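Enquirer: Spelled out from the first residue to the last, the chains are:
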Amino acid sequence: MSCSDFNDLDAELTAFGHPGGSSVRAVHDQFHGDLLEVSMGPQHPSTHGVFRMVATLDGEQIVKLKPVFGYLHRNHEKIAENTTYLGSMPYTDRLDYLCSMSTNWAYALAVEKLSGQAVPDRAQYLRIIMAELTRLVNHACLVGFLFNDLGTSFTPLLYAFREREKIIDLFEALSGSRMMCNYQRFGGCRVDPTPEWLAAARTLVENFPRFLDEYERMLTGNEIMLARTQGIGRLDPAHAVNAGLTGPVLRASGVDYDLRKVDGYGFYPRFDFRVPLGAQGDTYDRYMLRILEMRESVKILVQAFRDLPGGPIMDPKAKLRSFRPKAGEAYGRLEGPKGELGFYLISDGTPNPYRYRVRPPSLINLTLLEEMCLGHTIADAVVILGSIDIVLGEVDR
Amino acid sequence: MTTAPDSFLERAPLELRDWAVQLLPGPLQWLAHHLITVVAILAVFGLFFAFTTIAERKLLARLQNRLGPNRTGLPKFSILPWHLKHTLFGLSQPFADAVKALTKEDIVPAAADHFLHFLAPVIVVAFSLMTFAVLPFGREYLPVDLDAALLYFFAAGAATELAIFMAGWSSRNKYSLLAAMRALAQLISYELPLILSVVPVVLVTGTLSTKAIVLSQGYWIFGFLPHWFVFTPWGFAGFIIFLIAALAESNRSPFDLPEAESELVAGHLTEYSGFKYALFFMAEYFGLTALSGLGVTLFLGGWQAPFPFLEFIPSYLWFMMKLIGMIMFFIWVRGTLLRLRIDQLTRLAWQFLVPLALLNVGNAAFWVLTTHWAGPLQLVRWGVSLVIVILPFFFLGRSLSAGYAPRTYRYAP
Amino acid sequence: METVQQLRDRLAARFPAARVELVLNPGVAAEHSLRLDAALGRDIALFLRDDPALRLDYCSNVTGVDWPDKEITDVVKTTVPDPAGGPPKIVEEKSVHVQPGCLEAVYHLYSMSLKHGPVVIRLRTGNRADAVTLPSLTPVWRSCDFQEREIFDLFGIVFAGHPDLRRLLMWDEFKDHPMRKDYVEPDDYEWEPTAHGAVLERAKAHQLAAVAGVVDPGQSSANPPKAAPGSTTPATTAPVKEAKP
Amino acid sequence: MLGSGIINGLIVTAKNFVGSYHDPKRMVTVEYPEQRTVLPENYRNFPFLISENATDPMGTLRCVACQICEKECPPQCIIIEKSKDKKPDASGKPQLYPAVFGIDTSVCMSCQICVEVCPFDAIKMDQVFEIAATDRFHDLFLTREKLAKPNSYYHQIHPTEAAEVDGRLNTERKAAEEKAKAAAAAKAAAAAAKSVPVAGVADPGPASPRPATPIQPASAPAAPATSPVPKPQDEPRSSPAGEGGPANPAS
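Chains as they are written, first to last, in the working numbering: chain A, 8 to 404; chain B, 41 to 453; chain C, 960 to 1204; chain D, 1032 to 1282.
Just chain A, with the same shape it has in the complex:
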């Protein structure tokens, strides 16, 4: 048990200034007793991997929380700088191992921006199909794990995994691997889906809302769930924007910023979908936003299957081997399931990128973790972390 002087602690909390507006402050006064420092992780059931939070507790209340990273660090960027552009594609699968399809696309997007590579229509549609299926996979996983953090005995998680399993099976049938899809290429996609695959995917997508309804019936109205998530980990929009939070976490705070609409990359402008926005920015909003986004993804997928054009899936000018983009730099980003996933590339004309940088949404969304957790209990900290949605492969790279 470590016991620290609360005066120091208070000074430290104020020293870490928060630009722009007030922030959540720890409710901590002199009449409380000793502080307990608990190191949650790197081996802990609900840190979603080898993540560590050093929490200082007053009773069960958190007065300080420092995230510690790096337990899964393998210097992905250095590896990528020492291999060819194509060679880092399979490594991007390992960043966010739940949504390799969108990570692939983000990388392909950046390289295509760097080299000016065109992408045929069919491939654009396939990419959107894969990205939205990945969003379903990721959000299904997230809501499942969130309830595990909330203390269910795996039931919601397994219902979510039951549906995820079906999508993952589709990925396997198409790309050959369940999670490490390695599907996108610069200038197109690797495999053309067969009509049977498309039919199976369409059936799956049409049945997906039934799962969502069942899931919502089971949990969304549950009184314990409401009490555990509403008002927990509140995040105001000014802070969220300043801290660079993206994705559903940002939109739960009511900021309308979805790169599918803002950048309109790929063929997203051709699709009709809405962007749900939260109001309170608490854990419940973050949960519900995922559910609503899944419903929107289903809409996008239905349109994509309807409008999928024929044609080639690779640009004929695309080069697989000896790919050397012109010297220059590019920053490609897209709306990944977890937030803005960006790749910053500097080319010096050689086959290997001179600089390769991943902008990991999981890492940057953790910026305000401490502020969100302060004043809540340790049980809430776990739930807040769960609602942010991190994957350690991407946080630590």
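Hints are not guaranteed to be accurate.
[To be verified] Residues from chain B shown here face chain D by an in silico Cβ test under 10 angstroms; the list is partial:
#, residue
1, Thr93
2, Leu99
3, Ala101
4, Leu103
5, Arg106
6, Leu107
7, Val373
8, Gly375
9, Thr376
10, Leu378
11, Gly437
12, Leu440
13, Ser441
14, Pro446
15, Tyr449
16, Arg450
Rather than coming from a laboratory, the hints here were simulated on the basis of the structure. Predicted model only: the values in this text are computed from it and were never measured. C-beta: ideal position from N, C-alpha, C; glycine also.
Following the hints, position chains B, C and D against chain A.
Expert: Below, chains B, C and D alone, put in the same frame as chain A:
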């Protein structure tokens, strides 16, 4: 009340015991009588525990669309010819688990208080077993017929929480310590509604003896409806409060805060391994079984058959069936619900369950005062009693869930 | 949104003391960037954030780039008139000069309220050894917090004014900065027998010790790395050939 | 009312409980060793090398040891050594072949890039996923012998892809043959004189991995350090009868 025939099945276990006892010389007979009872309870509920674990795993699995453990069968050296094909649906899993737990390394942290660390699992099992002494398992099957059986039951039951605190404190682990604190808070909060939910039964029956309580539920309204206390307004309310408090007292989901695996790793069990861990596990199930047994005794008519024509089934089987039903319900709840937070847990107890239980005591008093009402007054009696249950539930429930509601969402323009 | 050129002119007018250079991006993406004066970096960043026309309230990506010292061969061609009256001779004078390296922090800024971007700004350190301090932009954009820590960790840029500048990914006791181009991996791994190339060369000594158990690693590593198949040198056969069924 | 959400949840789980007994769609469990899912055709695991002829896998590898996959492999798990001699490939053209071809499956990440970059369709993705082994260093290192699998096997696991590849190769080979025929007819005499010795060297003969195996256990620990005997190693094809002679007394 129709007296059930003392069928052969009903009497068989007792006859067997008496036959065994009379084989022994006179001075030993008293001792043997009780020893056989103790051993029988240990054997029956030990096996019951074993099959509860497998039932829990299989039922939870089915709730979650899985298969559950279904591989363990007979050992390969079994002489039975069908051992190769029959995996017995995995029913021998608990025995494999027991072997695993026994053969695992027992790790005690260097900084732990070794004596308390060892004592905690022993105490927790001992006290949870002691509660079985006062449960009437059948018409003639009551190990100890105490006049203050209920008091004894709650006293023994509360001691297990002390053992959990011991375990948490002695482990010298921060998670264990937090869990120990939680366990204490939970104990104090839920002991009260648990006992208050039982008071109406005591009030109506006028006794603390479990045997008498069961017997008082033993006749039929209109000749066929069972007169169990759960079918009265105060009894139903008491039963629901009892169920919730029993879940909390036995540290079951959604009140499994002391061992909240997503927050406190394994809570007070974090530093336990091997057989000591198994002992805690066992105690948890014993506690659950005992509380379910008490619920069956107090509200579900104990060993009584629900309908007169079903009385040919021995009374102890009825008890066991009701017990299994209760435990299945607990498993179902565990498979569905999520965990409360510690402040919400205590709030639920103090702001919701305790007031409801107190009002329910008044309700029972009203029920006792109006026993002589008959005819249309009987309807008034039921109506008033129902109102005393429903209105507070409605209002207290509203204040408890104030501010929490599903929301509607807007979309970006 | 105004172009980067216009923005540069506006910044130059607003901050006359600061040097704001336009860095052209020769690639297809043509995302040109602005190199800011490091001394006034934070003031300019605040201006960029709060200027009503720009409102770059969102700093998406912060990253470091290592530009090591580069030897540049300058070829100076001088025409020497032939004193004999013939055609003038072209004399090439080659001089090698070292372009000093530097570390660079690149910020990608967007506006969430006005939905435009990106504006790419760059800050450069004096060199790669001792003058590696840049002003931290974390007080301006909180999103730089972890990313600047990461740059400090992996590139070694010290961000003055960062509230909590510690290593992010590597452990605190780690000495070097792995993303620098001249970073040399420490040779302290537990080598496992692997099959290929550079790793194989370095692993060979370790492998042989592990596989053969008797072969002295120092002796065997002196052998040529890849011998022709069928060679009589026993040491070269170890990693691959042992694998044969 | 308080509790309605909880009761809804209980109803959903109860439905799933009942459904798990009669609705196979809900049950996703596959009881693995007894039941197996049908692997999708595109499923990929680790690479293997295609040999044209099942009876002589080492002699008819499609791989020409161009080392492109070795260079492109992101985790660098492929090791190739070129042969010194040449042997005719399926279309009769003399080609190099890999004297050593190894894939370290403990490093391989099944990314399929080697398959995509191979210009000769010589390396393809296998579907064998039960690769557990007791020795993680040596059993997981796949040598040429373990990697080589006949084209018929490729047709078996990836029928569509294999048909497409074979169709392409056949047209290419036909074109090459016709070209070669035309060329051969033009200068038959000159070519015939040269081709005889080449064929003699490349003749695989009766050598197969078999003779090497009995001596392996006995000589393996000692041989690298002491024995001057050149072991046949993974070179069964190039080991002529003369080399087999000294190996036998050693055993």
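Enquirer: Any hints from earlier that this structure breaks? Give me their numbers in increasing order, please.
Expert: As far as the earlier hints go, 1, 15 and 16 are violated by this structure, in ascending order.
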